[in-house]
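Trainee: If you want the building blocks of each chain, they are given just below.
There are 2 protein chains.
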Amino acid sequence: MALIVQKFGGSSVRDYERIFHVANIIADTYRKGNDVVVVLSAQGDTTDELIKKAEEINPRPSRREMDMLLSTGEQISIALCAMAVEKLGLPVISLTGWQVNLKTNSDYGSAKIQKLAGERIRAELHRKNIVIVAGFQGINKFGDITTLGRGGSDTTAVALAAALRADLCQIYTDVEGVFTADPRTVPNARKLDEITFDEMLELASLGAQVLQNRSVELAKRYGVQMEVLSSMEPKRGTIVKEVTTGMEKTLISGVAKDDNVASVSLIGLEDVPGVAYKIFSVLAKNRINVDIILQSIGRESTKDITFTVAKKNLERATEILRGKQSVLMFNDMTTNENLSKVSIVGAGMINNPGIASQMFEALYSVGINIHMISTSEMKISVLIDKSEGDIALKAVHDKFFGTRSENL
Amino acid sequence: MALIVQKFGGSSVRDYERIFHVANIIADTYRKGNDVVVVLSAQGDTTDELIKKAEEINPRPSRREMDMLLSTGEQISIALCAMAVEKLGLPVISLTGWQVNLKTNSDYGSAKIQKLAGERIRAELHRKNIVIVAGFQGINKFGDITTLGRGGSDTTAVALAAALRADLCQIYTDVEGVFTADPRTVPNARKLDEITFDEMLELASLGAQVLQNRSVELAKRYGVQMEVLSSMEPKRGTIVKEVTTGMEKTLISGVAKDDNVASVSLIGLEDVPGVAYKIFSVLAKNRINVDIILQSIGRESTKDITFTVAKKNLERATEILRGKQSVLMFNDMTTNENLSKVSIVGAGMINNPGIASQMFEALYSVGINIHMISTSEMKISVLIDKSEGDIALKAVHDKFFGTRSENL
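Protein chains in written order, with our numbering: chain L, 92 to 499; chain X, 92 to 499.
In isolation and in its complexed conformation, chain L is listed as follows (with noise of 0.2 Å):
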């Protein structure tokens, strides 16, 4: 008998049918003997629907009233879930975030968790009852709703399961498990048994669409461990955890290939002290998170300085620098959104220096030129033409994982 946590996304309880599928789910894992704490995101397009509702009475409402209007969302999720559930004759209670004091701060709308303490979830579980918790919302200290933005409810359901001590944390999505690489672009990809946090991290910041960061770096601070497995399959997933034990433990986690990247270079800099501060504090100031950065030597005695960021903040970045021309004094800025950002992580590339090399011998051997390189402990990134992404990934991963495993 063991306390699991299972967090159902909004695809996942879209329509009636899908509910019912979840709550069988649920149901198998209480018949037998579990504690059973289900976390569940907004039904389908409910979210998106409010936003065009409230956009269409004030396109900039404040964000405390965005919170109240979102938050609705979720809460029918859960009614209706826990109505299946009792049809199915099992005890059952559904708890909005307020109900289960899923104290955040009053950051609306991207709100972070400071406090569950979770006495009203254990009461209920003591009782018996499966317990089905609105994910993505929590209560600041007005007593006001919060919602916790993007990839909330994976968040919501983490934090649950650390606050309670949760044997372990079922992140239930529309893919099997964790890939080698993304199994619609890369048919031969494999699903893992295993993977460390560090390398769940490393592979969803570059585009690996599994879990949201910011679940899996709370997994990691609370130990909390992860699987990520499908709804609709009936088979185990992807264990995330801190350290792997599997047999046959590769070298390499995964590959992963990003698009929405785009590169800002500035030509021309003066070579002296302090350009690169002065550059990325201005741009940490207007919080645009930047991701690779490469300094090269220009002509007579100038330097250039490339990095890249998020596609949506390419507008926003380059207006900035360009606002502070004259302070940071380069002589020209160009951009390049046709990027794609092919990477591979694993946390054996550090005492592995052979691995880089046989990266770029596959990208050279189906001639993709590389535009940068970027490498860290767990992972190598390169840069290369959008239009080369997909054939690029194939490559590095066939590289890695494909039939000829003699590489690995």
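Be a bit skeptical, because a hint or two may be false.
To be verified - Between beta-carbon pairs, the in silico distance windows are: (1) L:108 x X:203: 34 to 40 Å; (2) X:406 x L:136: 39 to 45 Å; (3) X:410 x L:136: 54 to 60 Å; (4) X:325 x L:106: 41 to 47 Å; (5) X:281 x L:136: 35 to 41 Å; (6) X:415 x L:108: 41 to 47 Å.
Unchecked claim - Some chain L residues close to chain X (C-beta under 7 Å, calculated; not the full set): (7) 145; (8) 358; (9) 359; (10) 445; (11) 447; (12) 449; (13) 451.
Bear in mind the hints are in silico, worked out from the structure with no lab data behind them. Ideal Cβ positions, reconstructed from N, Cα and C, are used throughout, including at glycine.
With chain L held as given, fit chain X onto it using these hints.
Mentor: Chain X only, in chain L's frame:
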């Protein structure tokens, strides 16, 4: 400067245009220097749609989960309306039932208000905020969401007005006020400037669906002055209060017709003590409300008892009585659903014995046969064939409110 509570129903906030219409009424009241507390129902058909969703999943969901589900309807309304008021540039905050700490018992689906202190609302008013409160909902001692059932939002508004000692509780509806009869049936019906709580209670229970009795009872108990007025026509409505002061006070306040009535006749009951007690206690035990009761002497030292119930209770009432036929010892039972109840209401009636005969005269003048008569201190009701209901209503109304005002 006054403290005004304004309540708007579901049709008043059903879409974008209506919400802004309501927001403008609120803004006008606020700009005149008043403190404004607003109570809203769920938008249009939201509640019905949520009920449909629930029934699809579970035809008999627990009432707790049903309340969890339904309470989202008002929460959406208040958030959207607050955004509209923000758009008009005024300070506003929306609050749910639990946020204003509207304490109820745990009778989910038809909870009774137990306590409402109003600290949070007072604090927001002190900050010069317009406060928009979700009607229909509260919180019980377990911290669970309850709903107040039919007419819940009116009741919320009156409860808030009582707790905050508001100067006026305005109930905005789709009619301009309380009329001497339903204007849809009686074209020359007249709007009343004032009406007493007691008259309003009688009128409401007689089928004039302007205000829910529950809210009027609460207003009477706490001395909350109400105004029934139209959200579409910007003019004075009808004031509902303890004692009316109008110069033109008439003996009769209004005429009402109720088609939601069915009669049951038990024929050939034994003429011994306790028969009526047995019949009506078994109905009361089964929570079936009985309205008019008429007892007459039958043949061969038996008696007949006829009574009326709401139409929806007819089947259950007859089932229950048939099940007890051997105990109650009646020979036969007949029912009639083709009935209308036409009533006149007026606090002045008690001192004017001629009123009843004027009503009967009006019905006689159009050739209508009366099946049953019931009188009380403040009303006279007759049961007639349903097909003659509208003619009867007009005839009685014209008698008391028609151009021939010499009848008054």
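Trainee: May I ask which of the numbered hints given earlier this structure violates, with the numbers listed in increasing order?
Mentor: Numbers 3, 5, 8, 9, 10, 11, 12 and 13 - these are the hints that the structure violates, sorted from lowest upward.
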